[in-house]
Amino acid sequence: MKFSYYPGCTLHSTAVEYDLSARAVCKTLGIELVDIPGWACCGATSAHSVNELLAYALPAHTITSATESAIAAPCAACYNRLRYTDVNLREDAHLRAEVEKALGRPYRAGVAVRHLLDIIANDVPADEIQAKLAGTLGGVKVVCYYGCLLTRPRDVAAFDDMEEPRAMDRLMELCGAEVLDWPRRVVCCGAAFSLSRTDVVYHMTGKILASALKAGADAVVVACPMCQSNLDLRQPAILKKLDLEGRIPAVYFTQLLGLCMGHSRNELGFGKIMVDTSPLIQKINSGRAETAAPAEG
Amino acid sequence: MARVGVFICWCGANIASTVDMEKVTEAAAKLPHVVYATNYKYMCSDPGQKTILDAALEHKLDGIVVAACSPRMHEPTFRAVAAEAGINPYRMQMANIREQCSWVHGDVDEATAKAVDAVRMMVARVAQSLALEPIKVPVTKRALVIGGGIAGIQAALDVADGGVETILVERTPSIGGKMAGLDETFPTLDCSQCILTPKMVDASRSELIKLYTYCEVEKVDGAVGNFKVTIRKKAKYVNTELCNGCGDCWHKCPYKKIPSEFDFGVGNRTAIYVPFPQAVPNIPVIDRETCVFFKTGKCRACEKFCLRGAIDFEQEDEFEEVEVGAIIVATGYDLLDHTQMGEFRYGAIPDVITGLQFERMSSASGPTEGKILRPSNGEEPKVVVFVHCVGSRDENYKEYCSKICCMYSAKHAVILKHRIHDAQAYLFYIDVRAGGKGYEEFWKRACVEEGAEYLRGRVSRVYDEGGKVIVEGQDTLSGEQVEVAADLVVLATAVVPAKGSEELARILGISTDKDGFFNEAHPKLRPVDTATGGIFLAGCCQAPKDIPESVAQGSAAASKTLGLLSKEDITREPTVAVVDPLICTGCWNCVNVCPFGAPEKSEITITVDGKKVTRAVSNINEAKCEGCGLCVATCPGNCIDQRGFSDDQVYAEIGGYLERVRAAKNSD
Amino acid sequence: MIRLNRTPKSSAAIARMEEHLGHPLSQCYQCGKCSAGCPAAYTMDEPPNRVIRFLQLGLYDRVLEQNSYWVCSSCETCTARCPRNVEVKEIMELLRHDAYRRGLTSGERAVFVFHKTFLKTVKWFGRLYEPGLIMLNNLLSGHFFKDFAAVPGMLLKGKLKLFPGRGADNAAVRRIFKYSREEAPRGEV
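Respectively, the protein sequence lines represent chains A, B and C. Once you know that position 134 of the first sequence is 134 in the working numbering, the rest is easy, because the numbers rise by one and skip nothing. One rule links them: number in the working numbering = place in the second sequence (from 1) + 297. One rule links them: number in the working numbering = place in the third sequence (from 1) + 965.
Simulated from the structure, these hints should not be mistaken for laboratory data. Bear in mind that the values here come from a model prediction, so they are computed numbers and not experimental data. Be careful, since some hints might not be right.
What the hints assert, rightly or not - The following label-pair restraints were derived from C-beta to C-beta distances: (1) B:E696 x C:L986: 36 to 44 Å; (2) A:K241 x C:M966: 38 to 46 Å; (3) A:G262 x C:G1130: 25 to 33 Å.
All C-beta atoms in this analysis are idealised placements derived from N, C-alpha and C, irrespective of residue type, glycine included.
Pulled out of the complex, with its shape left as it was, chain A reads as follows:
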């Protein structure tokens, strides 16, 4: 499997651990990631907020720059914008002509835009993933948070159920986590307002964190750098405001997969998560030891 890799801006900065872990996991699974030469920001969320042509032209530049027949995008926002662009440019000849004028070159239609979660959960057979696992998550309790842009809308992002997605849940179960049911897997974290209306982020992300804590999870597993940033970076302040005890690390699904595949925490960028992940790691290790103990005995 070979994909053009579109990390998006955040994976080169605030979500560097997502980039590290995605590359590590893909390597282990034999998924070859080829960088897209000259890729640009997808514009989310500002471009589509304020300028329609910009909203399509920026992703169109990156899609057209891709060298492979399919793009793997780990960021849900990038994924959503690229999908939107591709769907609309294929359907709307007038829009496409406008965008091509902006690009100064023909749009490359027919490149499949895929989210990394979709590729790993749906293209790689479960037994192949299983075969690569060197350890488990030791029954640690997780909730899977998909966020808003990964599964919506139905005709644009179509790889999982819109309201009750399960792709990440399946992967985490495969890794030996106890995946908890919870009601906020697809609600918005308010990422668009992270710098402008932080009160909105507090409100929206606060609901997610409170729900995850209430469910009794040890970690929130995510597949979007914007979500992770809100859940992680602002967590202490939000929980303080909500008067809630405890901390709950937001970790990328690739980090947990990578951990089970035997990659080191350093390789996977665990240290870059602001919320302390060591209690989670301890739980995973003690869980592993418990399940291993009977075999030794």
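Knowing the structure of chain A, use the given hints to seat chains B and C on it.
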């Protein structure tokens, strides 16, 4: 001693939660005559019925008391069980311990005591009950349909299709009803007349359907299977044998400005008229109230110009008595009179009209030939406001939903757009009720495709100003007051029972609901029956309905009628009055008091002191007796008894209750 | 009091919007499902269904004066769940496009400034440059030290780079921005 079995039903928790089943069973078992008593969760169920059957055989029962729900619910069920067990069905009695006990009491001890009373009373009664045999009466194989709208026409066609002669009585000069006046119909927009007139013609051509137009039902006697109906044939002043419907008379009639009833005043008619060109039969009538000749004795223009000499000013109303086995009532609806409503200026604004007036304007065969015009000045309206729920869902007028208005208002909006392309429709609604095949899609079409503007809220006030009708309303969706300067306002006024329904209900002996609609026998399970055997309902006389529903109910009533009339005999309850001729003195009080003419004067020859004596006595005609009990109560000599309600039975029942009083006294 | 005139839909802006959406606004039957699930409705002047209702009544300018579209997070919950397939998120975005072009902040200046700053950094660097974005955003919005507390930690964790990254096709991006500004049917950066 009788051998009575008592079967006490829990009715799930309905009875058992308030009445102590075991205590009632114990008490029942100790009663005189009772040889067996038991209880069961659902006595009406298959295993419940089997319990009764088995016990009846095992204990050689000759009487049964089922303590359960109301006999209105399950008496036929348990009578059938009795018959199957070889016990006369009239020796089965139900003690109502649900509606009259568990449902209306909360205290378990008191309810249980009352249930024991009810059982004791019924056991006493059953012990006194005679075996009765149902009375068989031959059925008159002819049906009467009252009302010639779509529901009545459909019912008549279907009954006739089943090979049964049908009399279709219509009080206006033509059949067709309200539907004949409608424009296109929702949700398919097929032309109303195009689909109705063939049915009207079928009805007139059917050999088995006799049309009685311009006629009214005057009197109804008899009962299911054998009704005697008196029909008033209103004078048409036209000899229907001679008239060929050429139209010379109404063209020559000088009095042309009479508001047409059929057009709801949108158009005019003459004094001699057919209500609309496609009328069936195509024969005019002279309206005595507006004819100049009848007023002044001068004119006779119609008579002069009728080449066939069909005008007959000497005609008078005639009465005809017909015998029928079943009656279908399909008298339809009228609209609430909005001119009684102040917020619409009591009808003072000419450009405020009703939905049916709009129909007549938009109908291609109507007075404006399909042109929608402002009544005030005859100009095309560009802004039209349709108001839903005028007098409906309004506790000051009619509490109920008139059901058809949402759909016809949407249809009006669509028609408006089709006829006047640059017109804008506004619809004030509370809810859009569009339950029906293709209905939701239709109002969406009106709103989305045809650009009708829906405003959620009521209209508060309408007034005329500067040649416009200003409509003040609310849009609760935006929370804003809104105002429209309209050219035309169309009110979807409440559907009410047709004028004269109450009088007809009295004639037929059927009941009406709080709003005057005829009552069905059961709101879910017997929607086309009335509580009176042999009288069925179809169409809007029962509740507001649209065309498909009216047609369906017309067919359903026809099917019920055919079922009834397919029998040679009809079985009637044997609970009729019976005279003891030996003590009857022939006072004829019974003859005078009976509303059904059942007591007949007859003679009896008896031997007194060795001599034969012939005496005049009363004799009850079982076929006519309705078992109302009037004669029983009236007879001064106490020589009439009613089977199933004999003095012995009633006194025994009362005695059963008094047992409790006696027991209470003894314990003091 | 709204005086409904004969052709409320004649408003050019609404007609353009309907053309863009591919469905008339009357497609919405005001069930409120969009607002029921909207995570930002709590902070909107009017919830999404009301925004649509005002547009249905032809009150475009009134809608532009409200903050609703600025605080819409484009999460698409509304669009995804709409039983009449109304492009609710799209409506919000079209309103933003127009407001942005006209410079209308409608009480949400911070949001307005953020978008402006964000696109400036993308225009300059081809990709997002967070420290630059934060600084510029704070400069323009007047909240000079907002979010600075988090910066050292992020720098330590290697999550923020001191200098903008390289590698984007800057020429292509600048061309896109130039064209979008000059040729775009609506919207301006």
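Each hint, compared with the structure:
no. : hint                         : in the structure
1   : B:E696 x C:L986: 36 to 44 Å  : holds, 41 Å
2   : A:K241 x C:M966: 38 to 46 Å  : holds, 42 Å
3   : A:G262 x C:G1130: 25 to 33 Å : holds, 30 Å
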